[in-house]
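Throw the hints in and build the complete structure from the sequences for me.
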Amino acid sequence: MTNMLQSRWWSWGFRSTVMLYFIILIVCPIAGIYVQSLSGGFQAFADNVTEALAWKSVILTVKLAVISTIINAAVGTLAAWVLVRYRFPGRSLLNSLVDLPFALPTAVIGLMILLLLGPRSWIGSGAEALGTTILFHEPAIVVAMIFVTFPFVIRAVQPMLEELDASEEEAAYTMGASKSRTFFRVILPCMMPGIVSGAMLAFSRALAEFGAVVLVAGNIPGRTLVASVYIFGEIESDNPAGAAAVSVLLLTLSLLILWTVNFVRRRRAR
Amino acid sequence: MHVEVRGLNKSFGSFQAVKDVDFSVEKGQLIGLLGPSGGGKTSILRMLAGLETPDSGDIVFHGQRVNDLPPQERGIGFVFQNYALFKHMTVSENIAFGLEVKKWNKAKIKERVANLTELTGLKGFESRYPHQLSGGQRQRVAFARALAPEPQLLLLDEPFAAIDAKIRHELRSWLREMIDRLGITSIFVTHDQDEAIEVADEIMIINKGNLEQKGSPWEIYKDPKTPFVAGFIGESRIVDNIGALRGFGDAAVSSGTRGLIRPEYIEIGRKDEFTQLLSATEAGRVSHIHFRGSEWLVEVEVGGIKLVTYRSLEKEVLHPGEEVQVLVHRAYLFNDSESWVMENKLKADPMFVYI
Chain A
1 MTNMLQSRWW
11 SWGFRSTVML
21 YFIILIVCPI
31 AGIYVQSLSG
41 GFQAFADNVT
51 EALAWKSVIL
61 TVKLAVISTI
71 INAAVGTLAA
81 WVLVRYRFPG
91 RSLLNSLVDL
101 PFALPTAVIG
111 LMILLLLGPR
121 SWIGSGAEAL
131 GTTILFHEPA
141 IVVAMIFVTF
151 PFVIRAVQPM
161 LEELDASEEE
171 AAYTMGASKS
181 RTFFRVILPC
191 MMPGIVSGAM
201 LAFSRALAEF
211 GAVVLVAGNI
221 PGRTLVASVY
231 IFGEIESDNP
241 AGAAAVSVLL
251 LTLSLLILWT
261 VNFVRRRRAR
Chain B
1001 MHVEVRGLNK
1011 SFGSFQAVKD
1021 VDFSVEKGQL
1031 IGLLGPSGGG
1041 KTSILRMLAG
1051 LETPDSGDIV
1061 FHGQRVNDLP
1071 PQERGIGFVF
1081 QNYALFKHMT
1091 VSENIAFGLE
1101 VKKWNKAKIK
1111 ERVANLTELT
1121 GLKGFESRYP
1131 HQLSGGQRQR
1141 VAFARALAPE
1151 PQLLLLDEPF
1161 AAIDAKIRHE
1171 LRSWLREMID
1181 RLGITSIFVT
1191 HDQDEAIEVA
1201 DEIMIINKGN
1211 LEQKGSPWEI
1221 YKDPKTPFVA
1231 GFIGESRIVD
1241 NIGALRGFGD
1251 AAVSSGTRGL
1261 IRPEYIEIGR
1271 KDEFTQLLSA
1281 TEAGRVSHIH
1291 FRGSEWLVEV
1301 EVGGIKLVTY
1311 RSLEKEVLHP
1321 GEEVQVLVHR
1331 AYLFNDSESW
1341 VMENKLKADP
1351 MFVYI
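So the sequences go chain by chain: A and B.
One point on numbering: in my numbering, the residue at position 14 of the first sequence is 14, and numbering is uninterrupted.
One point on numbering: in my numbering, the residue at position 15 of the second sequence is 1015, and numbering is uninterrupted.
Calculated directly from the structure, the hints in this document are not laboratory data.
Careful: at least some of the hints might be erroneous.
Said to hold, decoys possible - Computed cross-link-like contacts, SDA-like style, restricted to lysine to any residue with a CA-CA straight-line distance of at most 25 Å:
#, chain 1, residue 1, chain 2, residue 2
1, B, 1123, A, 56
2, B, 1087, A, 264
3, A, 56, A, 42
4, B, 1108, A, 182
5, B, 1103, A, 190
6, B, 1103, A, 168
7, B, 1214, B, 1005
8, A, 179, B, 1065
9, A, 179, B, 1130
10, B, 1108, B, 1137
11, A, 179, B, 1069
12, B, 1166, B, 1036
13, B, 1102, A, 181
14, B, 1108, A, 181
15, B, 1087, A, 188
16, A, 179, B, 1105
17, B, 1087, A, 211
18, B, 1103, B, 1114
19, A, 179, B, 1193
20, A, 56, A, 211
These numbers were taken from a predicted model, which means no experiment stands behind them.
Laid out in structure tokens, this is it:
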């Protein structure tokens, strides 16, 4: 068997199968979107993108994704710190719960948030008493994005913290560095690549989120209509070129982010 | 800096790592803490640095009790076993770290870093990252970084453990020279007796949390105070029925006395190689010989007692099975309550002549 696997033909066969799979499943659809969006010529593409509702939805999505990413980067770093550095009952349970947003259907997440923040819940009614509404407004979208992308930063920072040698901190102390100085000069730089790459992935996921957002956003064009829901709407109203144009924007952003993450990781692995 | 330690104790859970350790170190001395792994040496060092809190006892620097001072305020430099260099900083940033903490001005920091890179032979490597350096270079960066803020006391935890044998020798003498030149009080931990003997002014033997003996390497070798020290320093064989050896009959008087004999306490040779002392020798048989690079290691059996000794390459080669004369100059004797060195009686007493 091993002999067979080592033979040139097998290795050639395996490599081609993987390449073919990759091309059919990933490269073709992506290329298809680019072709589709430009099928009516560049002018049509530009018209589709600059259509007020289209680019407003993209701007809104990017803005909310940035907010949720910043919150996730901060909270996620903190959570990773607590999970690695502290020992407390329920720690391992908490650690396994971190991955829950990945496992849950996003529609279920949307429903959970809908019930949690709705006017009949005490959070919803509390907000109403204060004169604001959360549900069907921007805050609800941010909450949905945060929930869905919660694990990224934690899972990226955890290994960096575990890898950090306690003696590096101790060395800083023996040289007179205070705890806060040690944190900012020694510990944070070690976590930084993890925070950056985790945040990048969280951002691109937040850009793309549909299931959780569509239930809680309200989808008012120009105000709470995010890009992925806009794409869905364009398809529903039989305008595939408009859907493709916005898709291309999102796709390009995601590819850029992925490339940056790779770059950051490679620099770290030096 | 003068260092004094009194009644130091430290337990980790039910394991007592350090038991009632007392010692003092004079200014400018280089002290080696030597002992088997897990014996409590590193715990003592970490307590001196303030990285570990003693359960009881006093640590006194310069006549001032420092137990309650955090490591930041003790004025020490610490070189970690794995160097603990800051991975994301270059060599010069690593060295400058302690100086920035002390708020030196930029020009002074630059000068100090340049001095230290020169001193440690790291010139030209200033902008490299730790992962671009060899083990020996990293060790020197760690050393330069610890020295940069001008500490009063330098603590080194197994400084050469992670370096291969050849470079270790070079680094050892380099370190010795450097510490002599700077005149800084230094304490280092090692489990390698050659390292301690070669480098240290004084050695402290630590075993199972106890300070077994403190003294110069020569004192410790010549006059070990406990059986552990005798067995740990140098090579040796323990002989249970030491009284059976010629010249050591007196040792058998008190029962339970055992003897420890080092290879260098023994002379071995054919009859004609001994002149005056032939009377004190005993017949034995060579059981094995091993070539050790610079000498022969000879295993010899004397009346059922197995002994080991060296033999110069200049002398005639002995062969396994050969009958030889063995002269045991002295033995280190010990029983449950005491220990002492005993010279060969026959050698010492010129009246005792029979051929």
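Status of the hints after comparison with the structure:
no., hint, verdict
1, 1123/B - 56/A, "violated (57 Å)"
2, 1087/B - 264/A, "holds (16 Å)"
3, 56/A - 42/A, "holds (20 Å)"
4, 1108/B - 182/A, "holds (22 Å)"
5, 1103/B - 190/A, "holds (23 Å)"
6, 1103/B - 168/A, "holds (21 Å)"
7, 1214/B - 1005/B, "holds (13 Å)"
8, 179/A - 1065/B, "holds (23 Å)"
9, 179/A - 1130/B, "holds (23 Å)"
10, 1108/B - 1137/B, "holds (24 Å)"
11, 179/A - 1069/B, "holds (15 Å)"
12, 1166/B - 1036/B, "holds (22 Å)"
13, 1102/B - 181/A, "holds (12 Å)"
14, 1108/B - 181/A, "holds (21 Å)"
15, 1087/B - 188/A, "holds (12 Å)"
16, 179/A - 1105/B, "holds (22 Å)"
17, 1087/B - 211/A, "violated (42 Å)"
18, 1103/B - 1114/B, "holds (17 Å)"
19, 179/A - 1193/B, "violated (37 Å)"
20, 56/A - 211/A, "holds (20 Å)"
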